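2 protein chains.
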Amino acid sequence: MENERELCEKLASRIYELDAKVYKASGSVLGRTLSGSQEHNIENLVILIMSNPQGHLLRSQMALIGNMARSIRDKKVRHDLLVEYNEILEQITKLPKSFGSIDIVDKDLAELNSSLLNHKFREKDHLVICISRSHGSAGTDIGFALSESLRINYYDEDVLNQILTRRETAKSGAGKKVSDFSKYHGLPKKDALFFRQSDLICELAQKEDMIVMGRCADVILTGRHIPHISIYITAPMGVRVRRMMELKNLDLKQALNMVRKMDHRHQEYYHAYTGRRWGEAINYDLCINSACYGIEESVELIERLINRQAKTNHHKKETNEN
Amino acid sequence: MENERELCEKLASRIYELDAKVYKASGSVLGRTLSGSQEHNIENLVILIMSNPQGHLLRSQMALIGNMARSIRDKKVRHDLLVEYNEILEQITKLPKSFGSIDIVDKDLAELNSSLLNHKFREKDHLVICISRSHGSAGTDIGFALSESLRINYYDEDVLNQILTRRETAKSGAGKKVSDFSKYHGLPKKDALFFRQSDLICELAQKEDMIVMGRCADVILTGRHIPHISIYITAPMGVRVRRMMELKNLDLKQALNMVRKMDHRHQEYYHAYTGRRWGEAINYDLCINSACYGIEESVELIERLINRQAKTNHHKKETNEN
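Protein sequences appear in the order of chains C and D. In terms of my numbering, the first sequence opens at residue 3 and continues consecutively. In terms of my numbering, the second sequence opens at residue 3 and continues consecutively.
None of these hints come from the bench; they were simulated from the model. Every clue listed holds true.
Note that the list lumps identical chains together, so a pair holds whenever it fits in one copy or between two copies.
Derived BS3-like pairs (lysine-lysine); straight-line CA-CA distance at most 30 Å:
1) K23 to K96
2) K126 to K78
3) K250 to K96
4) K78 to K209
5) K209 to K23
6) K192 to K209
7) K26 to K12
8) K126 to K209
Here the structure is a predicted model, which means the values were calculated and not measured.
Start from the sequences, fold in the hints, and give me the full structure.
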């Protein structure tokens, strides 16, 4: 413990001295970050360092000194002090987190490395991307463009339903008309369709790389433990309404009503089948405001994400799981 | 109109023929995508193409044919048919969107190119990144690491309050103790602090590149028309609770209570000062599930986003706004 205490005191002194130098060089009217007696400040810093070196109070103190250091006009002095600042930061980062009462057993868990995207997929898993989107956000365009760019299959409600219909037709004989494919264990028609679509999504996800639009696919796949990436695409109401006015040749009121109605329908559908709130960031791996990126750049953004994924998945030799 | 009609008929025929070839080569038991009479199918396709070439029904038909084409076993045949498929898709994309009743005046608006991130910032604007985060999601770690990596200033609640306190001290004379800096036009203490912090955030955002954590900074800056990027960082409840157990040496119940309490406090604060729902994807430019990426990769993901931004901002010569 003596050694740790000494190490902390040394670091605390370095921080205290850095603050003094930065204050002198920046000539800030606000005074030093660490005002008051030297003894008192160093003791405080030692406590912060020992009790929780990654804690936000120590970080805030360092941030204040760093911010002030960056404002120093003299290039050489600024450089030297920032070098010292970075060295101290690095020392803090290297401190064992088990100082004081804290005992981190699982460093990966603490740094969120344990549930990373590229640990999600095993060798035999396919790249399955679930895209939810609000009406008018161009989410559909982004999904379709992404499927073309990645050369993987694209499934939306229409495509899924056509497959279900054609299977029914095939089953009931070539000549006959479509029978009612919306039967499923005696459930109401709407629910029957949902469960047939769900089965189909899971079946497809287990045999091919694919993009699936909506249909609560992310929640369905999670329930069946099938790995996937979930993305939500939206844009501010104003942007979506103006976009629908352009695309569908509607006036403001018509477009507004349409977007509201469709959003509401999505919300209800998602909530009915998942119990979750549609559009909450916590339900997805990534949420994109398409108004910030446009269609093309949104596709690129997702691809940059997937590339790492695709690499892990398809070029196993390159990966060395630790 | 004759020419347009002819063009559409030609495309419709190509789609119909492609479907026939793909069906033959794939040997699907489900039959052709376009079943029924040739005349009827082509007429349908012509209507889809003429009325709304970017519409989802035409896209779904094409997706079905494309999905089937990708399943063809013979490499050469698959290649040739996918080339034909891509050519047709390209033709569709090139069609004037003003066919039929639709008259798109603003193509940029339709493709969401008008409100892109890199149009947000003008030459004199600083790179301001607002980060909101749920408790335990490592959002603070990501924000701090990002500020160090980008070498820009970092402001969280503590840093902002320390600056406010030190200003008050400086104003009231070097020797005197801190006066109550939470006065602001006679408002209650909590609100006074919020408005002082808000003023400070806006002041800083106008003179330096910076990262600001929480404090509803995104909404405050939007209200004052100061360009910024808004990011929300979260992770599933289970991951955050387990992380807090590790970091703070808590048991499950303690950690759960803490995360819930802090989330609730964040929600209340955000809602009270913005009227919005905290954590809804629509309020941010990008939402990241830190459990998918970890701290380091989240920083990289944001940097990839910002780099484009930084380029637009700092290397004006490279950019040629159109």
